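Sequence order for the protein chains is S and P.
Reading the first sequence from the start, the letters are residues 1 to 341 in this note's numbering.
Reading the second sequence from the start, the letters are residues 342 to 644 in this note's numbering.
Simulated from the structure, these hints should not be mistaken for lab results.
Heads up, a few of these hints could be off.
Beta-carbon label-pair distances, calculated as ranges [as the list claims (entries may be wrong)]:
1) P/V634 x S/S158: 33 to 43 Å
2) S/S76 x P/D413: 15 to 25 Å
3) P/S367 x S/L131: 36 to 46 Å
4) S/T74 x P/V390: 33 to 43 Å
Some chain S residues well away from chain P (every beta-carbon gap over 10 Å; in silico) [what the hints assert, rightly or not]:
5) I100
6) F115
7) W123
8) P161
9) F162
10) P171
11) P210
12) V240
13) R264
Keep in mind that this is a model prediction, so the values were computed, not measured.
Backbone N, C-alpha and C fix where the C-beta goes; we use that ideal spot for every residue, glycine too.
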Amino acid sequence: MKGRHADRFPNEPFRASAALRNASFAPGWILDKGFGIVAVAMGISVFVLAGLLGWELYRGAEKAISRYGMAFLTGSQWDPVAGRFGALPFLYGTFLSSAIALLLAFPLSVATALFLTELAPVWLRRPVLGLIDIMAAVPSVVWGLWAMFEMVPWLRQSAFPFLQKAFHWLPFFQGPIYGVSLLAGALVIAIMITPIITSLAIEILRSVPPTLREAAWALGATRWEVIQVAVLPYGRSALVGAGVLGLGRALGETMAVTMVIGNRPEILLSLFAPGYTLASVLVNEFAEATSEEHLSALFAIGLTLVAVTLIVNFFARLLIHNVPFFFSPRPLPLQPIETKQ
Amino acid sequence: MSPSPTPRAPQRKTRTDGFPKGMGDSPRYRMRKILDRLFQIVSALAAIVVISPLLLIFVFLLSSGGSSLTWDFLTQLPKPVGETGGGMANAVVGSCILVAVATAIGAPIGVLGGVCLCEYGGPRLRAAIRFTADVLNAVPSIIWGIVVYSWVVLRMKTFSGLAGGLALSFIMIPLILRTTEDVVRLVPPAYREAGLALGIRRSQVILHIVLATARRGVVTGVLLAAARVAGETAPLLFTAFGNRVWASRLDEPMAALPLQIFAYAISPYPDWHRQAWAGALVLLALVFLMNAVVRILSKGKTR
Chain S
1 MKGRHADRFP
11 NEPFRASAAL
21 RNASFAPGWI
31 LDKGFGIVAV
41 AMGISVFVLA
51 GLLGWELYRG
61 AEKAISRYGM
71 AFLTGSQWDP
81 VAGRFGALPF
91 LYGTFLSSAI
101 ALLLAFPLSV
111 ATALFLTELA
121 PVWLRRPVLG
131 LIDIMAAVPS
141 VVWGLWAMFE
151 MVPWLRQSAF
161 PFLQKAFHWL
171 PFFQGPIYGV
181 SLLAGALVIA
191 IMITPIITSL
201 AIEILRSVPP
211 TLREAAWALG
221 ATRWEVIQVA
231 VLPYGRSALV
241 GAGVLGLGRA
251 LGETMAVTMV
261 IGNRPEILLS
271 LFAPGYTLAS
281 VLVNEFAEAT
291 SEEHLSALFA
301 IGLTLVAVTL
311 IVNFFARLLI
321 HNVPFFFSPR
331 PLPLQPIETK
341 Q
Chain P
342 MSPSPTPRAP
352 QRKTRTDGFP
362 KGMGDSPRYR
372 MRKILDRLFQ
382 IVSALAAIVV
392 ISPLLLIFVF
402 LLSSGGSSLT
412 WDFLTQLPKP
422 VGETGGGMAN
432 AVVGSCILVA
442 VATAIGAPIG
452 VLGGVCLCEY
462 GGPRLRAAIR
472 FTADVLNAVP
482 SIIWGIVVYS
492 WVVLRMKTFS
502 GLAGGLALSF
512 IMIPLILRTT
522 EDVVRLVPPA
532 YREAGLALGI
542 RRSQVILHIV
552 LATARRGVVT
562 GVLLAAARVA
572 GETAPLLFTA
582 FGNRVWASRL
592 DEPMAALPLQ
602 IFAYAISPYP
612 DWHRQAWAGA
622 LVLLALVFLM
632 NAVVRILSKG
642 KTR
């Protein structure tokens with residue numbers, strides 16, 4: 001026992017003696033039971049928290065729900081002055097910016113994770129992992145600040161004109177360039193979800209059994225082929241799950257997006273045009289909502305945001321935790337290696 | 342089929358890479374090698390691209406915020422609009438107070454909840470708690486802002502530091518609950534059994550053996566959660582609200598560093614922009630300091 005403890009917790013002396021010493025002062029069973037009840041109550045408090053969340057949002061949104069019903073989600077006009085409230089522009093902005101962000105962030109994250117688990121020299125892995133952890137800890141408002149004063153001017157002066165010149169025939173890259181835009185918001189979101197997806201992906205790749213890799217190596221596969229035939233197929237559904245989890249995060253990103261997306265509730269095809277998201281309309285209008293209808297509509301926006309993120313997260317968890325369920329064995333893409341011509 | 346008049350000497354290439362003879366001549370093998378090399382380059386480039394925003398943000402904050410980061414900035418109150426100078430002392434202190442309040446509320450609930458997940462309750466209750474905590478962890482932080490607004494602020498009829506701390510603690514609770522569960526689970530069951538066999542009460546076993554063994558991990562989890570909420574802006578917008586003077590009481594609007602940074606960033610005054618950069622530098626330093634403590638704490642643990 002002593003040996004095992006020392007193995008697992010080299011810095012912790014075994015505490016039974018201390019516990020025994022304190023136990024002589026242990027109060028009666030009432031306190032003991034009381035502790036158990038308090039612990040369970042604290043565990044149950046998450047239900048209370050969830051209930052509070054649902055109830056307060058529903059109560060706030062009741063007026064908007066009874067007035068618009070599901071039409072709230074499909075209404076494309078948001079005009080607090082005229083008293084017209086439809087959430088479609090925000091849903092559009094939220095989903096489009098998050099989808100673009102995921103499109104940018106996911107391949108980069110998986111490639112980085114592969115680099116850090118399979119390819120990079122060992123001395124390089126730890127420092128880079130540390131940097132990615134640090135990146136995940138940078139507060140949203142700090143990213144927003146940087147994006148506002150550094151990224152957006154750069155986008156306006158160099159990146160966007162370049163894109164427009166190259167892809168002027170696509171409707172997504174037409175129209176005037178302001179800098180603040182849906183695309184800028186998507187870029188900030190991409191930067192913010194990349195470290196999250198990367199560290200999830202690293203964990204998934206590390207859980208790939210080494211025997212799979214070794215089998216591929218033994219067949220003479222190159223590094224890329226090992227990843228292609230052994231690593232990626234095994235972790236595929238979990239990696240997709242990590243991406244979807246990143247999408248869930250992206251949908252809820254608030255401050256940084258609000259600072260660069262331009263905040264205009266219109267559905268425009270151009271990615272250079274300002275957009276709006278569910279979270280940023282809450283930031284901008286919640287404190288200033290004067291009419292009861294407006295406030296109620298904003299609560300309904302909050303309810304929509306919660307519903308959207310929860311649905312996305314639910315799917316992510318399904319994908320991540322049911323790896324064997326989603327993993328279907330399929331023929332390996334590797335063909336026999338030629339030994340002679 | 343006609344035999345050639347002179348027998349050809351076998352062509353022999355000297356190979357130094359240890360691969361079987363003949364492979365190097367195959368275009369397919371060359372293709373595979375090129376693909377492999379390409380993949381290496383692409384993934385290394387991806388890693389560089391992923392890291393670069395972090396380096397850019399450091400350079401930006403140090404170059405533009407560093408010069409505004411003076412002693413006055415850390416010790417003075419914000420000046421009225423139009424006057425240059427002044428600092429964010431109240432916001433720095435306000436942030437610390439808010440995080441302290443949030444930790445005071447969130448840590449006991451989260452830790453005990455995590456203990457409940459390992460020590461009490463049946464498997465169904467545990468699964469339900471775990472699921473709910475995961476769901477709550479996924480809720481965007483601004484939602485907690487509006488929930489606490491309608492629950493507390495509307496009732497108290499004032500924005501307050503207490504409401505802000507409460508909103509932050511709601512974010513912390515499910516986070517701490519899950520991390521506590523993870524570290525408490527690592528404590529071998531034999532320890533508990535040894536304690537119970539000695540006749541120690543269950544609560545004492547949990548407090549003096551289980552939590553004492555997992556102490557470091559629990560503290561790490563709490564600190565990580567605190568570091569996470571220290572940088573949160575969205576839940577404070579409609580709860581703590583911000584304040585340009587000292588808040589002496591918890592039932593008054595309270596300034597917070599992220600709030601002040603946001604307010605200054607979207608303001609039209611260049612002087613305020615400079616202060617926002619300096620504030621971001623301070624906030625980043627605070628968050629990193631907490632993360633560094635976590636790292637030092639968890640260094641000697643288990644591995």
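Structure-based check of each hint:
1. Between P/V634 and S/S158 the C-beta distance comes to about 40 Å, which sits within the given range of 33 to 43 Å.
2. Checked against the given bound of 15 to 25 Å, the beta carbons of S/S76 and P/D413, roughly 50 Å apart, lie outside it.
3. Checked against the hint of 36 to 46 Å, the C-beta distance between P/S367 and S/L131 comes to roughly 41 Å, which is consistent with it.
4. Evaluation of the 33 to 43 Å hint for S/T74 and P/V390 yields a pass: the beta carbon distance comes to about 38 Å.
5. With a least beta-carbon separation of about 16 Å from chain P, S/I100 lies farther than 10 Å from that chain, consistent with its non-interface assignment.
6. At the 10 Å boundary, the C-beta of S/F115 falls inside the reach of chain P, the nearest C-beta of that chain being 4 Å off.
7. For S/W123, the requirement that its beta carbon stay farther than 10 Å from each beta carbon of chain P is met, with the minimum near 14 Å.
8. Chain P leaves S/P161 outside its interface by the beta-carbon criterion, the shortest separation being 20 Å against a cut-off of 10 Å.
9. Its beta-carbon lying about 17 Å from the closest one in chain P, S/F162 satisfies the requirement of being farther than 10 Å from that chain.
10. Non-interface call for S/P171 relative to chain P: holds, since the shortest CB-CB distance, roughly 27 Å, exceeds 10 Å.
11. Interface exclusion of S/P210 from chain P stands, the closest Cβ pair being 18 Å apart, more than 10 Å.
12. Every C-beta of chain P lies more than 10 Å from that of S/V240, the closest at about 17 Å, which supports listing it as non-interface.
13. Listed as a non-interface residue, S/R264 keeps its Cβ farther than 10 Å from every Cβ of chain P; the least gap is roughly 15 Å.
In summary, the numbered hints that this structure violates are 2, 6.
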